[in-house]
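This is what each chain is made of:
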Amino acid sequence: MTLALFYIAGAIALAATGIALTRVNAIHALIYLVVSLLAVAFIFFLLGAPFAAVLEIVIYAGAIMVLFVFVIMMLNLGNRGTVVEQEMMNPSVWIIPSLLCLILLIELSLSIASLKSETNPIVVSAKEIGISLFGPYVLAVEIASMLLLAGLVAANHIGRRLSKMDQEKDEG
Amino acid sequence: MSEANLPFIGAILLTVVGGAAVLTWFERRLLGIWQDRYGPNRLGPFGILQVAADMLKLLTKHDWIPPFADRFVFVIAPTAIVISMLMAFAVVPFGPNHYLIDMNVGLLFFLAMSSLAVYSVMLGGLASNNKYALLGGLRAAAQMVSYEVFMGLSLMGVVMLSGSFSLVDIVESQKDGWYFIPQFLGLYVFIIAGIAESHRLPFDLPEAEHELTAGFHTEYGGMKFTMFMLGEYCGLILLSCMITTLFFGGWLGPFLPPLVWFALKTFGFICFFILLRAAIPRPRYDQLMALGWTVMLPITLINLVATGAIALWMNQA
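Chain order of the listed sequences is A and B.
Its first residue numbered 7, the first sequence is counted upward by one per residue in our numbering.
Its first residue numbered 1299, the second sequence is counted upward by one per residue in our numbering.
No lab work stands behind these hints, which were simulated from the structure alone.
For every residue, glycine included, the Cβ atom is placed at its ideal position computed from N, Cα and C.
Some hints could be false.
Sample of chain B residues lacking proximity to chain A, with all beta carbon distances greater than 12 Å (derived) [said to hold, decoys possible]:
{"no.": "1", "residue": "1315"}
{"no.": "2", "residue": "1401"}
{"no.": "3", "residue": "1474"}
{"no.": "4", "residue": "1480"}
{"no.": "5", "residue": "1613"}
One-sided and incomplete, this derived list gives chain B residues near chain A with beta-carbon spacing under 8 Å [stated by the list, open to error]:
{"no.": "6", "residue": "1368"}
{"no.": "7", "residue": "1370"}
{"no.": "8", "residue": "1403"}
{"no.": "9", "residue": "1406"}
{"no.": "10", "residue": "1407"}
{"no.": "11", "residue": "1410"}
{"no.": "12", "residue": "1413"}
{"no.": "13", "residue": "1414"}
{"no.": "14", "residue": "1416"}
{"no.": "15", "residue": "1439"}
{"no.": "16", "residue": "1459"}
{"no.": "17", "residue": "1460"}
{"no.": "18", "residue": "1463"}
Sequences are here, hints too, so could you generate the full structure?
This is how it looks when you write it as structure tokens:
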């Protein structure tokens, strides 16, 4: 049962990602990407990591993708975006990325084939994740928080300067 | 999930969807009473058949898709909010043995589902290809993404006190005292963020009929419009259920059976949200966003730090 669910979710994730890559309309592509993220979250859930699964939905599908849609709405390019995308979709662009991905896929399949499969996955609780995040991985957490702080300061700075320039323009 | 659960799933869906339909009438009657008028009182006893009349009207209307709209997105947008809101009911514990699943990340599952509901409003606004709808969608996106942050953070105090993300554990840990007393700041932020998330009055700026005609659903009618409304009312019921579960002891209470307690508390909060609609005027959009980042965020952070400090201190003693 679990195995069947796993393969179905995996197939959906692959198909949705494939469709997302080949759409010329950015919004349609984003919708398929969200579907793919949901499928990946479900796979996490099946593998015994419900916490990671829910965070995948909250953060990737629920926040980051929403911001993508938000930017598309702000720009509101309409059909112009589709036209540009269509020009970018010519086959020669695909050759090198596909080759690189193929090499990665072969490597991945080889390494997976050499692994022993775990039949009884261990369920990882939120508490264990918390303990490992603030235990052995505390340095990574701190670095990530510093990176986010830097991003926040930069965004604030850019926002400030623009509004000051606007004021000068209005006054002048 | 076993097959024995199927009748229970059906009962939940029927109660929630039926409840949402009846709420459309109940809300108008209640608003009428508070505003010193009758509201819909003609059809059937107390006017309750108005629900049936409205359903007939909405479901038999011509299901029209504007030629300038993005068909694919336009059609799937209204489904997202209904599906995600109904999914969230899977983790709500209605009674000590009346829940579908006791996930160890139940609370996060609720947050995940409510964060997915944003798509409905955004995509609906974008696909309509209409200025008003686009502005409504933009507002909805900014409002819901911002308030989601405070909504999640305001609940972390409850998680710290109960030591679990599981909603059943949270209710059971409230046997000695409901969390609305130690977590009053959390409750305050959660209620406000919850209204902003479900974009109901007074925070219905994505719709704002006074400036944006009907906002994100300007181009919607018939069935698809009904889906938006259904999602909104399901969201209201879900929000009331979550306040009951997280802050007011869920099914706990003396004398009456647990299910009755849960229903009574939830019903009380639904009435409270309708009263809010009647009592409070809309803020301006910039006031709403400023309130979020300058008042709500500091309050939640203070609540988080204070709760953490007290929890640590209590554990030591």
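Results of checking the hints against the structure:
1. With a closest Cβ-Cβ approach of about 23 Å to chain A, residue 1315 of chain B is found to remain outside the 12 Å limit, as its non-interface label requires.
2. Distance check on residue 1401 of chain B: its Cβ comes as close as 6 Å (rounded) to a Cβ of chain A, failing to clear the 12 Å threshold; non-interface status is violated.
3. With a closest Cβ-Cβ approach of about 22 Å to chain A, residue 1474 of chain B is found to remain outside the 12 Å limit, as its non-interface label requires.
4. Interface exclusion of residue 1480 of chain B from chain A stands, the closest Cβ pair being 21 Å apart, more than 12 Å.
5. At the 12 Å boundary, the C-beta of residue 1613 of chain B stays outside the reach of chain A, the nearest C-beta of that chain being 15 Å off.
6. With a cut of 8 Å, the hint placing residue 1368 of chain B at the interface with chain A holds, because the nearest CB-to-CB distance is about 7 Å.
7. Checking residue 1370 of chain B against chain A by beta carbon gives a least distance of about 6 Å; that is within 8 Å, so the hint holds.
8. Hint status for residue 1403 of chain B relative to chain A: holds, with the closest Cβ pair at about 5 Å, below 8 Å.
9. This hint holds: residue 1406 of chain B has a C-beta 4 Å from the nearest C-beta of chain A, less than the 8 Å allowed.
10. Checking residue 1407 of chain B against chain A: minimum C-beta separation of about 6 Å stays under 8 Å; hint holds.
11. Taking 8 Å as the C-beta cut-off, the interface hint given for residue 1410 of chain B holds, the closest approach to chain A being about 4 Å.
12. A cut of 8 Å between beta carbons decides the hint on residue 1413 of chain B: the least distance to chain A is about 3 Å, and the hint holds.
13. About 6 Å separates the beta-carbon of residue 1414 of chain B from the nearest beta-carbon of chain A, less than 8 Å, and the hint is met.
14. Among the interface hints, the one on residue 1416 of chain B holds; its C-beta lies about 5 Å from the nearest C-beta in chain A, closer than the 8 Å criterion.
15. With a cut of 8 Å, the hint placing residue 1439 of chain B at the interface with chain A holds, because the nearest CB-to-CB distance is about 5 Å.
16. The interface hint given for residue 1459 of chain B is broken, as the beta carbon of that residue sits about 15 Å from the closest beta carbon of chain A, more than 8 Å.
17. Because the smallest distance between the Cβ of residue 1460 of chain B and any Cβ of chain A comes to about 13 Å, over 8 Å, the interface hint for this residue is violated.
18. The restraint placing residue 1463 of chain B at the interface with chain A holds, with a minimum CB-CB distance near 6 Å, inside the 8 Å limit.
The structure shown violates the earlier hints numbered 2, 16, 17.
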